[in-house]
Structures are given as structure tokens and as C-alpha cells.
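Chemist: Listed below, chain by chain, are the residues.
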Amino acid sequence: MESVSTRGGDVARSASSGGRGRSAPVALLKHLLLILGGVIMVLPLAMSIFDSLKQPGAVLSVPPTLLPSHWEFGNYIQLFRTVPFFQWFLNSTIIAVLGTGGAILSSTLCGYAFARLRFPGRDALFLICIATMMLPGVVTLIPQFIVYRHLGLIDTFVPLILPSWLGIPFYIFLSRQTFRTVPKDYEDAAHVDGASNWYIWWRIMLPMSKSMVATIAIFSVIANWNDFLNPLIYLNSASKMTLALGLQTLDSFYGTQWDLIMAGAVLMTLPMIVIFFVAQRYFMSGGISFSGLGGR
Amino acid sequence: MSGQKRATLSRGVRLGAEALGRPRSSAMRRQEARDGYLMILPWLVGFLGLVLGPMIASFLISFTNWQLVVAPQWIGLENYVTMLSKDSLIRASLADTAFYAFISTPLYACIGLGLALALQRRRRGLYFYRTIYFLPSITPVVASTLLWMLIFEPSFGWASYVLQFLHLPQQLWLSDPHEAKPVLIVMYLWGAGGSLPIFLAGLNAIPAELYEAAAVDGASGWRIFRGITLPLVSPVLFFILVTGFIAGFQVFTPAYVATGGTGNPEHSTLFFALYLYNNAFRYLNMGYASAMAWLLFVIVLGFTIVQFGVARRLVYYESSPDA
Numbered sequence: 001m002e003s004v005s006t007r008g009g010d011v012a013r014s015a016s017s018g019g020r021g022r023s024a025p026v027a028l029l030k031h032l033l034l035i036l037g038g039v040i041m042v043l044p045l046a047m048s049i050f051d052s053l054k055q056p057g058a059v060l061s062v063p064p065t066l067l068p069s070h071w072e073f074g075n076y077i078q079l080f081r082t083v084p085f086f087q088w089f090l091n092s093t094i095i096a097v098l099g100t101g102g103a104i105l106s107s108t109l110c111g112y113a114f115a116r117l118r119f120p121g122r123d124a125l126f127l128i129c130i131a132t133m134m135l136p137g138v139v140t141l142i143p144q145f146i147v148y149r150h151l152g153l154i155d156t157f158v159p160l161i162l163p164s165w166l167g168i169p170f171y172i173f174l175s176r177q178t179f180r181t182v183p184k185d186y187e188d189a190a191h192v193d194g195a196s197n198w199y200i201w202w203r204i205m206l207p208m209s210k211s212m213v214a215t216i217a218i219f220s221v222i223a224n225w226n227d228f229l230n231p232l233i234y235l236n237s238a239s240k241m242t243l244a245l246g247l248q249t250l251d252s253f254y255g256t257q258w259d260l261i262m263a264g265a266v267l268m269t270l271p272m273i274v275i276f277f278v279a280q281r282y283f284m285s286g287g288i289s290f291s292g293l294g295g296r
Numbered sequence: 001m002s003g004q005k006r007a008t009l010s011r012g013v014r015l016g017a018e019a020l021g022r023p024r025s026s027a028m029r030r031q032e033a034r035d036g037y038l039m040i041l042p043w044l045v046g047f048l049g050l051v052l053g054p055m056i057a058s059f060l061i062s063f064t065n066w067q068l069v070v071a072p073q074w075i076g077l078e079n080y081v082t083m084l085s086k087d088s089l090i091r092a093s094l095a096d097t098a099f100y101a102f103i104s105t106p107l108y109a110c111i112g113l114g115l116a117l118a119l120q121r122r123r124r125g126l127y128f129y130r131t132i133y134f135l136p137s138i139t140p141v142v143a144s145t146l147l148w149m150l151i152f153e154p155s156f157g158w159a160s161y162v163l164q165f166l167h168l169p170q171q172l173w174l175s176d177p178h179e180a181k182p183v184l185i186v187m188y189l190w191g192a193g194g195s196l197p198i199f200l201a202g203l204n205a206i207p208a209e210l211y212e213a214a215a216v217d218g219a220s221g222w223r224i225f226r227g228i229t230l231p232l233v234s235p236v237l238f239f240i241l242v243t244g245f246i247a248g249f250q251v252f253t254p255a256y257v258a259t260g261g262t263g264n265p266e267h268s269t270l271f272f273a274l275y276l277y278n279n280a281f282r283y284l285n286m287g288y289a290s291a292m293a294w295l296l297f298v299i300v301l302g303f304t305i306v307q308f309g310v311a312r313r314l315v316y317y318e319s320s321p322d323a
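Taken in sequence, the protein lines are chains A and B.
This note's numbering applies: residue 1 is where the first sequence begins, and numbers increase by one.
This note's numbering applies: residue 1 is where the second sequence begins, and numbers increase by one.
Check before you lean on any hint, since a few could be wrong.
If you want the footprint, here are the derived chain B segments under chain A, 3+ residues with CB under 8 Å [what the hints assert, rightly or not]: (1) 51 to 58; (2) 77 to 89; (3) 131 to 142; (4) 155 to 166; (5) 190 to 198; (6) 243 to 256; (7) 268 to 280.
Here are some chain A residues pointing at chain B (derived, C-beta under 7 Å) [to be verified]: (8) L36; (9) G38; (10) P63; (11) T65; (12) S106; (13) F119; (14) L166; (15) Y186; (16) A189; (17) F228; (18) S239; (19) L247; (20) A265; (21) T269.
Taking CB as the label site, the calculated pair distances span [what the hints assert, rightly or not]: (22) A:A124 x B:R226: 32 to 42 Å; (23) A:I128 x B:L172: 40 to 50 Å; (24) B:S155 x A:L36: 25 to 35 Å; (25) B:P72 x A:M208: 43 to 53 Å; (26) A:I273 x B:V69: 41 to 51 Å; (27) B:L77 x A:A238: 40 to 50 Å; (28) B:Q67 x A:R203: 45 to 55 Å; (29) B:L126 x A:A189: 36 to 46 Å; (30) A:A279 x B:L163: 32 to 42 Å; (31) A:V278 x B:P154: 32 to 42 Å; (32) A:D155 x B:F128: 37 to 47 Å; (33) A:A279 x B:K86: 43 to 53 Å.
Just so you know, the hints here were simulated from the structure itself, not pulled from any lab data.
Glycine included, C-beta positions come from ideal geometry on N, C-alpha and C.
Isolated chain B, as found in the complex:
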């Protein structure tokens, strides 16, 4: 009851303050702050319980040998020593992941930007092409991986048939250690149209006067692209690259589905996240897998910071009107 009375009271105070047009009273400010904290409480609980707490926990776990069934055993830096000097699969999986991320992410961005440039200001067929190019990106990864596995099936898939038609030597695709990663990259790039809406929005935001001015100066198409389009679309490009790399370093599902979790042939698709998953949930090496998670975290964080550093010089930001 007293709570309700207090609520009525504070409402009355607020009413009075608003009516008089005076600055809000301290009771109101307290009420507002209390509501604010209550409203962000779910996120705060999630942040502490599902992000910050687990991060600290995984840092501590990374110094233990823990097979889940018996109590963890403190082993100091041993996991890190094993990881960085003894376990050859770590280096292999890092190399696989880097190959995948550094090839697929820039290509994804280039294809997206290229498509957007080709479709921008096209009136006829814009809707049609936009839909067609966007569809693959909403196909669930498990489904798209399966259907591309069928296309790249060595004996009866379409990829082999096309090679045969062109009189080119047959390939083993996902069963060939040199081709498995490129095939997974092709699968991923099939969804590159997913970046189309944001690139189109970025291009459409470029003021037409800039193009007109450049045209009056007689600038060539390439110069206009370099001098106007690319700088003004660079924030979007930067965003696609940063998020693309973060996701690319963690690539898991296509490799898991395509290889049944093995990362074969010859560990060529044993991406870091897959190897981490296998260590944690197949071999139940929670300590070692936690050390791996922290290594990945440091790598991703470091690379993202480097990208932001580079962006400071290369990405063009108009003075933002955000107030």
C-alpha cells in the first residue's frame, strides 16, 4: 500500500513540476533513474551472467585441466604452452581459418559493392534483380551447405559434369585437401547479395550534386569512382569488412555440416572454431578449449583494433549530425 501511495505522491510531484514548467524535481529524477536501471536490468543480468562472468570463468578455466567429470586441476600455463608450441593442429586450424577469412571476406564485400553499383539507379528490373540476388543469403546455412555439397559431389554432381563438358580433369572438390576450402568459400560467396541492401542504401545517400560537379569537371568514370563513390561508401565497406572478419574467424557451421565435424580431408577444413568445438564437446577438454577461445578472442580483438586504426586514415566520415 505504501508503495502505491509513494507512486501517487511522486506522480503528483511530477504533475506539479511539469505544470509549473520548472526543472524536474529530485524525486522525479530518482524515479526516472530507478525505472532506467530496472529497464536495462535484463540486459545487465545477461551481460554479467552470459558475457562478463563467462569470460572471466573461461579465463580461469584456461589454466586448468578439466574433463568435466572430475574436478578441475590447476596446471598454470600448460594449456597455452601446448597450444602455442606442441599442438600442430592449432597452427593448421589457424592457417585454415586465416585463408578462409582473408579470401572470403574481401570478396564478399567486393561482390556486394559491385552488385550494388550495377543495380544502383537501374529502374527497370531493380526489384527483380534485388530479390534474386538477395534470396541465397536467407537460405539457412545448413540447407545451403547441403545443396552445394550435392552440386560438388565428385561423381554425379553438376560441378563435375561441367568440368567433363569442358573436357577439364575431374576434381574431388570437398574430398581434396586443396579444394575443400575454396569450395566452402564459393558456398559463402553465393550469399554475397545479402550485403546488397546496405550497399544500395550507402550509394543512394551520396548527394547527386557531387556527381554533377565531377561531370562538369569532365572526370572519368574511374576517377569519379575513386574520388566520390569509394570515399563516400567507405563507412559501409568498412562495416561489412569488420563484421565479416569477426564472423569469418569464427566460421563453423559449413565445415561442420560438410565434413560431419571432422574437418577433413587432411584437416583442411578444421577451422579454429571447429577444432575448439571438438576439443570442448567431443574430447571434453574444457581447459584446453577455453585457452583456445581466449587465443581466438585476442586474435579477433587485435585484428579489429588494427582495422579501426587503418580506418581512421582511410574511411571517410562526414561530420555526423547525430545529436
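Next up, chain A with everything else stripped away, as it sits in the complex:
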């Protein structure tokens, strides 16, 4: 009996972990595959960093080399000199910060109302809100552009920031689900003390849901930072461009100067990697998959 259950346990563990521990060769093969996969994951990132440190023209060498023969940091300096790279960086930062602030305020407020306040039509409206998460964005693209153009807001950041201030359905959903888990006693106590619903949202709900707020903040920063289609449509002048847009124009601006293009790609990616390492636990909560940042 003892031996049977032990063997059974092994089978269960090996099955649930995809075959680990069944036999040494299989385990070794799996480990090698994991390592190979890991190399494929990291190598392109490493190569972009190394290429950005190569001398002009060295990227074009045949056969290609991984490491620069001569480490050259001039590409980064030239990037800031020849194109308004710092301005783009600043623009992206402004949009990400203002957009994220608005997304947090508007979405959690709305999420709180959907979670706790009773008003006619609440559940139907929440359902509509959820349904719009699945709406393909291109359907509304053209009329939105026409409206913003009519209002003279083309080549401003308003079309890129304003939607965040009007609640992002996914974040509304996220905050509603989180607020529903906050014990009601806190609110009741606050109500007895005469606190308004607004006070409860600001002073009880938000402070008690810090990790959810952090999650929204991270998703929103990344989404704004990576957005390409909207800046492409709304921004024209070089000084207004975001990093995503500016980086794309480097391709035509520098032609085959891949060392410069890679320097730009590295500088755009770096803040995301820093955010990832600083806030890793929020990424691993699984919500990132829900936010549709899958890289399309």
C-alpha cells in the first residue's frame, strides 16, 4: 500500500508538471529545452543591447558578431543630438503619467459605485461596461478622429490622455471585483460617523486596495508607453511624437544605421524592464494577460 501510494504520488507530480521526475533522460531533455527556450527569449534583447554599442557599420558585418569589437557609447549621444529623442521620452512620460492618474481615479470611482452603491440600472450598466472590453477598437477609431479633429485637438496629447480619464472598462472591472472583497463593516462604521460615499471611496476603499491600484498603474503605464496606433493617428509634428512613434520613424530616418535604431529600441524598452523588476509581484498576479498587452 505504501509503495503504491508513493508511486502514484510520483505519477501525479510528473503529470502535473509535464513529465518531470519520470526518468533521468526525460528530465534532462526537458531541462535542456527550458534552457534553450530561455536563450531564445533573452538573446534578441541581449543582441539589441550589444548592437547598440557597436561602431557605425559594424552591425552590417558578415558573418554577424554578437559582441562589439569596440564598445562604443556614441550611438546614444548621437541619438539625442540628431533627433529630438529626449523630447519623445518626455512626451511619452507625460502621457503615461497623466493617463495613468486619470485611469486610476475614474476607474476606481466607477468600480466602487458598481461594487457598493445601489442605484437603478446598475447591473445592466456594468454588463454594458464589461461588454465593451471585447469591442474591437478600430470600429470607433474613425468617428473619434473626426470628433477630435472637429475640436481642433489633432497634434495635441488630449486624444491620447482623455479616454483614460473616462474610465477604462478593464480597470473598472478589476476595481469592482477588488472592492467587493473589502469587509462592509468599515463602510458601515464610516457611515455612522457621517462619512460620504466619496470619502469612503477615497479614504477607505483606495487605501485598502493598494495592490490593485498598483496593478492598474502598471498596466496603464505600459499600455500608454507601448501604444502606437493612437499617437500615429493623432500626432503629426516631430516635437509632439511619443517614443513609440519616434522610434518607428528612426527606421526611415537612419536607414541602415541599425546601431542607432537599436540604441533607441533599448532606451524605449529599459523603463519597462525596470518597472517589471521593481513591481514583479503585480505582473505575476496574472492580470497582465487580462489587460490585452499581448503585443499586437
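For this one, chain A is given, so just place chain B on it according to the hints.
Modeler: For chain B alone, coordinates are given in the frame of chain A:
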């Protein structure tokens, strides 16, 4: 002043009601409803002004010929007739998009699930591998597209070098109409580790007792996967597929960056969203592009409904404790 008085009054009423433990008064309920509507007001404005209104507008615009500079001109169904019977690029772009979405999305889900299965319950190195596999998914699309373009550069890129090393014939990659889409799919799949956290969470939520029971019955690894793991992780899988297809049908940025917006070679990367963008913002055919947007909307909506229909039979949901 009177507003403040009213607020104080209603607060007093509320206080009284709470103190007496009686059901909340109608004044309080009105106050609560008013706050509720005020709090969802930003979203409501956004929904009406940025979603519902624009959807209706784009539906109306789709029946016009509108070049933005002069007033729109009502042409009835002409845009739809052109789209469905005359414009050969529509069919080409739909085929490109379908190819991309139907190959990349299932592969993305399979790789994510496979990785999660391989990493699940691994103690040593879990943190390390999770980080490594996740990193590509947070690389901005524009940056990742550029760095893969360099790798697939036909003359000095690494992909060509590997082929040469293996004595295989050289390829043109993004410049070859048959290879451009697969290259873009490879680029996308590089970020498949982005689904790792949600798959890992799904796998970890499966009760260990189920595995133990199966093991007592002597079930094989494959049977355990088919009988326990797959059904219990199917809601996550379904979610990844639904959102993946919705995004996949709208793929735009990689093709735009890789081809400078042309969708070349031979329109092989002229995805539907790219062709729509070109019609709207390059040729300023707002009417025609709106008709395209509605076609895409109907396709995506229809396909999503089909998926939900299939899911009703295939996806396993435990009775949810959500109250």
C-alpha cells in the same frame, strides 16, 4: 448654502437610521443613487461619447463618400458593394488577417500552457525561468519588431547566418510574400511567455486531491492531463483564446513598423486593420474605411459568439462561489 443644509440634513437622517438599525431611509437611498450615477458619470460620458456615439456615427458614415475636406455625400450601399465584390485587396487582407490570427493565437496559447506545465511545481529556478520567459512580453511592440527585423535582415541578419551555417538556401524573410507573415508570427510568439502568470495561476488553483485520486487509480500522465488538467484549466485557455483572437484580428503595429505601412511584399502583410488605416488616414476615404470597420466588427463579434457557443460545451466551470 441650502445644498449644504440638505447634506447635513440627510447625514442626520442617515445617522438616525443607522443608529436605530432600521432599513435605510428613502432620502439616503436617493443620495446613494445620486452618488452612484455621479461616480459612473465619467465612464458613462466615455461610453456615450467615445464608444456608442462613434459606433452609430461610423455606421452612418459607412453609407457616405467622405474625403474629410468636403461634406459627406450619401451613396447608400455602394461602399459595401465595392468592399464585398470589387475590391480585391479586401479579400487579400482578410485572408492575411485570418492566416495570422488562426495560426498565431492557438500557438500562443499552446506555448503559454506548455511553459506553465513545464514550470509548475518546479522549485529550483522557477523565479529565474518565469522572469526570463516573461521579459519579451513587456518589450514594446515597436522595439521588438525593430529588433526582429534586424535578426531577419536577409544579408547580414542572424537568421540568414544560421541558414548558411546549416547549408540551407538563403531566404528573403520579410521581403518574401510567403515568409513575411510567418516571420511576424514568430515575432509575436516570442512574447508568448506573457500568458505564463495566468496559466500558472490557473494550474495552481487545481486541487491536489484530484491528482492524488487519479494517481491512486493508476491513471497515466496523458490521461491525467486530459481528464483533470485540461478541463480545469480550460476557462483560462478559453479566455486567452477569445482575447487573443480579438487582438489578432486587429493586428496592426508589427506590420506597420515592418513595412512602413505598405503591407508589402505583394500585400502579404496588408492586414485588415492596416488596410483600413491606409484607407482612412492615407487616402482619406472615411466612408469606405468606416464600412470596413463595421465588417471587421461583425466578423469579430460573430467569431466571438461562436467561441462562446463552443465553450458552453467544452469549457468546464466549477460552480462559482461568486456572491
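Chemist: Now, for every hint given, state plainly whether the structure supports it.
Modeler: Each hint, compared with the structure:
no., hint, in the structure
1, 51 to 58, "holds (count 6)"
2, 77 to 89, "violated (count 0)"
3, 131 to 142, "holds (count 12)"
4, 155 to 166, "holds (count 6)"
5, 190 to 198, "holds (count 7)"
6, 243 to 256, "holds (count 12)"
7, 268 to 280, "holds (count 4)"
8, L36, "violated, 12 Å"
9, G38, "holds, 5 Å"
10, P63, "holds, 5 Å"
11, T65, "violated, 10 Å"
12, S106, "holds, 4 Å"
13, F119, "holds, 4 Å"
14, L166, "holds, 3 Å"
15, Y186, "violated, 14 Å"
16, A189, "violated, 10 Å"
17, F228, "holds, 4 Å"
18, S239, "violated, 19 Å"
19, L247, "holds, 5 Å"
20, A265, "holds, 4 Å"
21, T269, "holds, 5 Å"
22, A:A124 x B:R226: 32 to 42 Å, "holds, 40 Å"
23, A:I128 x B:L172: 40 to 50 Å, "holds, 48 Å"
24, B:S155 x A:L36: 25 to 35 Å, "holds, 27 Å"
25, B:P72 x A:M208: 43 to 53 Å, "holds, 51 Å"
26, A:I273 x B:V69: 41 to 51 Å, "holds, 45 Å"
27, B:L77 x A:A238: 40 to 50 Å, "holds, 42 Å"
28, B:Q67 x A:R203: 45 to 55 Å, "holds, 53 Å"
29, B:L126 x A:A189: 36 to 46 Å, "holds, 42 Å"
30, A:A279 x B:L163: 32 to 42 Å, "holds, 40 Å"
31, A:V278 x B:P154: 32 to 42 Å, "holds, 39 Å"
32, A:D155 x B:F128: 37 to 47 Å, "holds, 45 Å"
33, A:A279 x B:K86: 43 to 53 Å, "holds, 51 Å"
The structure shown violates the earlier hints numbered 2, 8, 11, 15, 16 and 18.
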